[in-house]
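So you can see what is in the structure, the chains are spelled out below.
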Amino acid sequence: MRRVRTFAQSTVRTRTWPLLVDFAVFAGVVAIFYAFATVTRYWFTAPVAEAVIERSPRALPIYAFYSLVRMAVAYFFSLAFALSYGYIAAYNKRVEVMMIAVLDVLQSIPVLSFLPGVMLATVALFPTRQLGLELGSIILIFTGQVWNIAFSFYSSLKAIPRELREATRIYGFSRWQRFFQLELPFSAIGLVWNSMVSVAQGWFTLMLCEMFVLNNHDFRLPGLGSYLKTAADHNDKQAMAWGLAALIGVIVLLDQLLWRPLIIWSDKFKFEQVESAAPPRSPLLSMLFNSTILRAVRHRVFAPLSERLVVYLAHRPPEAEPAKPAGSPIGKILAVGAVASLAGLTLYATIKAGILLSGLSAADLSLTLHAAGATLLRVTLSLLLAVAWCVPAGVAIGFHPRLARYAQPLAQIAASVPATALFPIILLAIIQMGGGMNTASIVLMLLGTQWYILFNVIAGALAIPSDMRDVSSIFRFNFRERWMTVILPGIFPYLVTGLVTASGGAWNASIVAEYFRMNEHTYTTLGLGAQISLANDSGNTRLLLLSTVIMAAMVVTINRLLWKPLFRLSESRYRLDV
Amino acid sequence: MPEAIIQASKVEKFYGEHTSATIPVIAPTDLSVEPGQILALLGPSGSGKSTLLRMLTGLTRPSAGEVLWHGQPIHDCSPNVAIVFQSFALFPWLTVFENVEAPLKARGVNSFERRKRSLKILDTVGLDGFEQAYPKELSGGMKQRVGFARALVVEPEVLFMDEPFSALDVLTAENLRSELLELWGKKAIPTKAIFIVTHNIEEAVLLADRIIVLGKNPGCIRTDFEVAIPRPRERKSPEFTGYVDYIYKVLTSPTQHDAPPLHPPQEPQLPVVARTPRVAYQMLSHARPGGIAGLLELVDDRPNGREDMYRLADELSFELDDLLPIVDAAHQLGFLKVEEGDAQITPEGHDFANAEILRQKELFRQAVLTNVTLLRQITRTLEAKKDHSAPEELFHDLLDEHFSEEESKRQLETAISWGRYAELFEYDADRHRLYLHQVDAVAETPSL
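If you read the sequences in order, they're chains A and B. Taking my numbering, I'd label the letters of the first sequence as residues 31 to 608. Taking my numbering, I'd label the letters of the second sequence as residues 1299 to 1746.
This list has only true hints and no planted wrong ones.
Computed list of lysine to aspartate or glutamate pairs in DMTMM-like fashion (alpha-carbon distance at most 20 angstroms, straight line):
#1 A:K298 with B:E1429
#2 B:K1683 with B:E1724
#3 A:K594 with B:D1728
#4 B:K1414 with B:D1426
#5 A:K300 with B:E1435
#6 B:K1490 with B:E1332
#7 B:K1308 with B:D1374
#8 B:K1707 with B:D1728
#9 B:K1418 with B:E1480
#10 B:K1414 with A:E337
#11 B:K1434 with A:D297
#12 A:K188 with B:E1704
#13 B:K1707 with B:D1626
#14 A:K300 with B:E1396
#15 A:K298 with B:E1396
#16 B:K1490 with B:E1524
#17 A:K594 with A:D52
#18 B:K1434 with A:E193
#19 A:K298 with B:E1435
Derived from the structure by calculation, the hints contain no laboratory data.
Modelling step: build the complete structure from the supplied sequences, incorporating the hints.
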């Protein structure tokens, strides 16, 4: 069951002076954004040639490979970064509050706003065109997937039982031993699940950053995303079908060969004292464990290596509880200086950004606000539509195991296809049917977000104890009573979790959904996402900055004012396990 | 007297070290761990037993005072100690063997030596053949054997145990206790001293050469004496029950300054240390009204409404932590008197035990209003308010000045549960507000 917990966890944390920290973080982000935009405009000089994307199915394997490599590299960096970030945040009390606030805000900033800045910078950095573009797309994927992994690791570290920690201290574990024998195993399950979510998000981003237009320059990277887009551009239905099939194939293969074995393997790290009834099994996994070659490699290479490492790291005095922060005066002065200069720089850049924004005309401002309203309406509508079909469908699947057996794998495959890959095709279809961009954008948002709701509702329906359902049949509850007293309260916490994730996804999707270029024609509609895309296209830093700030602010505000209270309510009143 | 291995002098612990309002958890305490002894630390929950243990091992720094290990400050050296934890604290992803081997790995012992020593100690604690099992495949008793093996494999000079048997069933615990005594008696383990924290009085008398009893609010030593019964000890023997009775007396004796000193059965030992002055709010014992009523009915059925506490606990198969809060609460409400380790029901208690439900509530209400400052104050505040309601926060803040954050929450929780039972007020859990009880008011049920 895909129950995404990132936001969920971030909301329940109690924080000291959240508002102040949030403002500081916000200012910092705005400052970085401004710096980025300024630098990249200066860098961007060399024109870029276009790669030709073939439409023959024979090109698909190599394109799939390119896309996979991008994903793998980005994931590797995400994992490394997330582990370090989570580790520092969990152990360094002084920066903890700040780091978690940064996570919170960065999660709500639409990745795609960074697309032009990042791309222009990396292209300018490397004269070899390919590397620059590749790096850019990798950085974008990274930005989209790193935060929830970091959050998952952080909260796992925080949740390690006290006595286990004390055991590692009293027996003098070194940092490395503690990491490999306690911290990493304890957080393994959360890391695996969040990695799956992150990689799905990665596909979404990848589809976009393989082919896009900036300042009238066409950027293309050979890959599945660019293949699909080219096919749509040429209205080549056969190529579209091939491309989609290849994409689904790759995703299903990844699921079977990578994620499923990983999930089963991570079951070993479940923190439980009693064995569960039927531990899941995987043929692939047992094959790997029983393979003679792999066993030989383990015995000859890994075992001696780790032995050396252990012995090398062992001869140190065990770590006592950290004493009161003493610190040398020089260190203190340096730290204060660093913080002060960082604050100064942030302030400077924020002011500069403010000056840049103050140059906006009243018309621009009012247009952006109108656009924000339009996008808010669209996001709300798409969430309502998703709830309207996912709640009945999810409850039906959850209550009928036989239906679930067929429906769930199908839904999982459907959900695994990134909405951005389908978008050109759907847009074509809607336009042919006489619909407009407004309809299409809502459909795309729906496509990207409904699955979170569906899977959470299924999980919620499964979690309703059968006793409660029996009660409702014994007392002959009618349809309405049944829904109001058993089903809705029962799925409520899950529904909120799904909605939180879906809402974030819908905002991010609006950037693609409201502005789309195809066949030399730009389809657009009024909206904040369209504003961002338009600003990207025309290189209007001022408008880009304004729209991005407004979007991030709206997402954060909605999180704080709507989702957080709902989440609290679901945690306190609608819990089934009391 | 041989030189002490661990010497704690004037160690103290308090919350809120960096704020002006510090809340003491452990009052200045002197304590030493000497070679050749099993030392048991006994006390009710909230007496800071575990905190004291962690200060002696060097895991926690005392807020004041110092702990010496062979005369050296404990944080400057790496003391050779081990802990057996209540929750076992095994790594579920490591096999039994890997769990036991882990501390040796940490010390950089090579793999051959590690294997030899781990297998030997697993054999000693009776885990032969379970090397490749994962902890979750084992029963509670077997898991704690792994805990023992992991602790003993480093050949600690002092073996610390933090309620090691309290998560086990009665028979398993008894079995492990006797095996531990056997290992200790035969000198099969190189450990020079054992320090065990427990809230089980019989366990302490059965195992220990010396017992220290802690009082609470804040934790302090109430008595420290040696147990002079030869081993093997017989639970039914008069000496044994004498010690148990004595400890009950210490634990339930009045806590004011003028308390008469109590002595263990043999000869006079250290005097009982007096407790701290009382605060504006008395500390409520966390017992439910139903539990109090049950206990009173039980005591009331005895001849003269009087019963030995030890026998009561035994009959209910309650441990100290289960029985004492209920007795304390009944005492606070004036339903019960505690004398010489016996519980004596009062006339009010007798009435209460024999009343039917509505009358019981009325008696409870009277008792609470007479005896519990906090509840009196809550009721008065609610009466004074125009809308007869107040946020929970308000009282929480009041309590915060007297108790730790966590304790004040629990205090308020108990007060609210008593107040609700007494029908003094109502509580809305969604809004965290208290309302004065009004018969005509319809309870609000906010809808989804």
